[in-house]
Amino acid sequence: MDAFKQVETFVSVATKGSLSAAARAEGVTPAVIGRRLDALEQRLGVKLVTRTTRSISLTFEGAAFLEDCQRILNDLANAEASVSLGGVKASGHIRVSAPAGFGRLHVAPLLREFLEMNADVSCTLDLTDRVVDLVNESIDCAIRIGELPDSSLVSIRLAENRRVVVASPAYLARHGSPAAPPDLASHNCLSLGQQRGWLFCGEKGETIAVKVSGRLECNDGAVLHQCALAGDGLAWRSLWEVDADLRAGRLVTVLDEFAAPTMGIYAVFPQRKRLALRVRLFIDHLKNNYGRPDYWVSSPPAIAASPIAGRVI
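To convert, note that position 125 of the sequence shown is 125 in UniProt numbering; the numbers rise steadily by one, no gaps.
A few of these clues could be false.
Stated by the list, open to error - Here are the simulated lysine-lysine pairs, DSS-like style, with alpha carbons at most 27 angstroms apart:
id	residue 1	residue 2
1	89	287
2	89	5
3	47	5
4	89	16
5	16	5
6	47	16
To be verified - Using C-beta positions, here's what the derived DEER-type ranges look like:
id	residue 1	residue 2	range
7	215	297	46 to 52 angstroms
8	21	112	19 to 25 angstroms
9	215	247	27 to 33 angstroms
10	155	59	29 to 35 angstroms
11	215	18	45 to 51 angstroms
12	135	209	28 to 34 angstroms
13	176	247	21 to 27 angstroms
These are computed hints drawn from the structure, not numbers from a lab.
Ideal Cβ placement from N, Cα and C applies to all residues, glycine included.
Let the sequences and hints guide you as you build the complete structure.
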């Protein structure tokens, strides 16, 4: 049996999640797929997949082998594409992680466009405000907001992220507008969980963190967004989330003259000699769209959670 076909079958089963799905994709019976896996495991002398009647799972050795196999198959596909008359064509599976709120509004729609343009690419999109471990969780690319500390990850700056203090006109009519960051102490501030503080520009141009307090703390930015719209207090939100509300007059900004410098929106990925073609093209797709002058203005309003600024590793 062809050793390369065995490897292709193993990758197909691992990424599709079952023998039957891999068999349908190839137009063969699940028994054929099973025999190829058996032959591969016998040849390697190690168990790669644990199979039951309803599901499969990778062993520790299988997970490590999968990453190497995917890289090899991708390199081969890139090599073939570079010399083919049809030009460069992306293929294979990509695993992407993004913050929940930003991901729903500004990653998922562009991902759909990317998949429509690249019919041979499939994707798993993980939306979470948890900082994922790219290597151990086999993530090809993660979108992160905030300045990146030194790490082994490679990053590409996609866009700028500005945060603003917002409130509804009704709230400001009742309580007045803060004239300087210290005035926040007398306001009901809607805080994102155990946030270290709202960031502002100090007198000497340095970034300062102002600890705020209020009657509501929540780890879901969508709740704080809705509370601000309802007139419950001040909120420190990303401009990509509240821009449509600002343009419509549902929210207004305060303390703009004290706004901290913008932070970056990044694509980060593990350090490798060669980035998979499908990953590189996806990152380019995000960067090109985020760089359009009309993109952020034309994007729909976000009713979603926002990542905590600066919480990236």
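Against the structure, the hints come out as follows:
no.	hint	result
1	89 x 287	holds (19 angstroms)
2	89 x 5	holds (21 angstroms)
3	47 x 5	holds (18 angstroms)
4	89 x 16	holds (21 angstroms)
5	16 x 5	holds (16 angstroms)
6	47 x 16	holds (19 angstroms)
7	215 x 297: 46 to 52 angstroms	violated (34 angstroms)
8	21 x 112: 19 to 25 angstroms	holds (22 angstroms)
9	215 x 247: 27 to 33 angstroms	holds (28 angstroms)
10	155 x 59: 29 to 35 angstroms	holds (32 angstroms)
11	215 x 18: 45 to 51 angstroms	holds (50 angstroms)
12	135 x 209: 28 to 34 angstroms	holds (31 angstroms)
13	176 x 247: 21 to 27 angstroms	holds (24 angstroms)
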